[in-house]
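When you line the sequence shown up against our numbering, it's residues 178 to 477, in that order.
Bear in mind the hints are in silico, worked out from the structure with no lab data behind them.
Because the structure is a prediction, the values reported are computed rather than measured.
Worth double-checking, as some hints may not be accurate.
What the hints assert, rightly or not - Calculated pairs, DMTMM-like style, for lysine to aspartate or glutamate (alpha carbon to alpha carbon, straight line, at most 20 Å):
#, residue 1, residue 2
1, Lys-303, Asp-404
2, Lys-471, Asp-404
3, Lys-303, Asp-283
4, Lys-303, Glu-317
5, Lys-247, Asp-331
6, Lys-473, Asp-397
7, Lys-471, Glu-285
8, Lys-473, Asp-404
9, Lys-471, Asp-397
10, Lys-303, Glu-285
11, Lys-247, Asp-333
12, Lys-247, Asp-327
13, Lys-453, Glu-466
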Amino acid sequence: MVAGGKSASEMFLVKLFAVVPALALAAAVPLAWGWGLGWVDVGLAVLFYSITCLGVTVGFHRYFTHGAFKAARPLRIALAVTGSMAVQGPVIAWVADHRRHHAHADREGDPHSPWLFGTSATALAKGFWHAHMGWIFERELTNAARFAPDLLADADIQRVHRWFPALTAVTLLAPALAGGLITWSWWGALTAFFWAGLVRVAVLHHVTWSVNSICHMIGDRPFTSRDRSANFWPLAIVSMGESWHNSHHADPTCARHGVGRGQVDISARLIWVLGKLGWATGIRWPKPERLARKLKSPVR
């Protein structure tokens, strides 16, 4: 088994946490109604959501997949670790999948395009399910040797890749430990495990998957691209700027996806801060002349 693929245990973890947190999310509303949810749970959920979401958006996506900036070694390892704690698969497999997506966007070979089955209502419903989460259960493994040879050659990233099962445990148990210590109770540990562990993972999963599904089906397309990627503003904040997807596909290596006025991009702001601290260098910010060449209509 090459390091870039997913072992049986890793695939089991990804599938398990595609289903179990979703069930937890379905139970969340009645559970929250009157008991079982407090400010400690909310605070921990927001904190761990922000850390792990940015680990994916800044780390797995903009840095490891597209090389939108260069990172010092400690930052590189930290981004790999926090991205892995989103429980979306080990780092090398995630990057290989996403590079394959860009190589074949909305065409045969794209692992999660919603347009692979046709344009009828039935085909689009099937395509939405496939793009949103069905591809996780149905797909073939991406060839990491072809799509992520740089990461396969990196000993640090290989190590973090192998840590994926352990980091899955950490991402669930750390909120429980924090909740228990803050409230000094087993009940506080249990509710933090539920809200800041299971529910947080579920919400982050569906936000990420919505970029694969919704942001390839509906939204604005101000820039020319080879696919049907679209900007979908309602997801901008919770996705940390990833839902400016048409802008991203028009210029994949750019560190900022929200390139228009008023387009909030929290991930780009963090990259800016990392640059000011000297931890990130060679940041590829948007260039007006490149945007002008790609622009079809004014960005709204």
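Okay, the hints, checked on the actual structure:
no.: 1; hint: Lys-303 <-> Asp-404; in the structure: holds (19 Å)
no.: 2; hint: Lys-471 <-> Asp-404; in the structure: holds (13 Å)
no.: 3; hint: Lys-303 <-> Asp-283; in the structure: holds (14 Å)
no.: 4; hint: Lys-303 <-> Glu-317; in the structure: holds (18 Å)
no.: 5; hint: Lys-247 <-> Asp-331; in the structure: holds (15 Å)
no.: 6; hint: Lys-473 <-> Asp-397; in the structure: holds (11 Å)
no.: 7; hint: Lys-471 <-> Glu-285; in the structure: violated (24 Å)
no.: 8; hint: Lys-473 <-> Asp-404; in the structure: holds (14 Å)
no.: 9; hint: Lys-471 <-> Asp-397; in the structure: holds (14 Å)
no.: 10; hint: Lys-303 <-> Glu-285; in the structure: holds (16 Å)
no.: 11; hint: Lys-247 <-> Asp-333; in the structure: holds (15 Å)
no.: 12; hint: Lys-247 <-> Asp-327; in the structure: holds (14 Å)
no.: 13; hint: Lys-453 <-> Glu-466; in the structure: violated (25 Å)
Comparing the model with each earlier hint shows violations of hints 7, 13; every other hint is respected.
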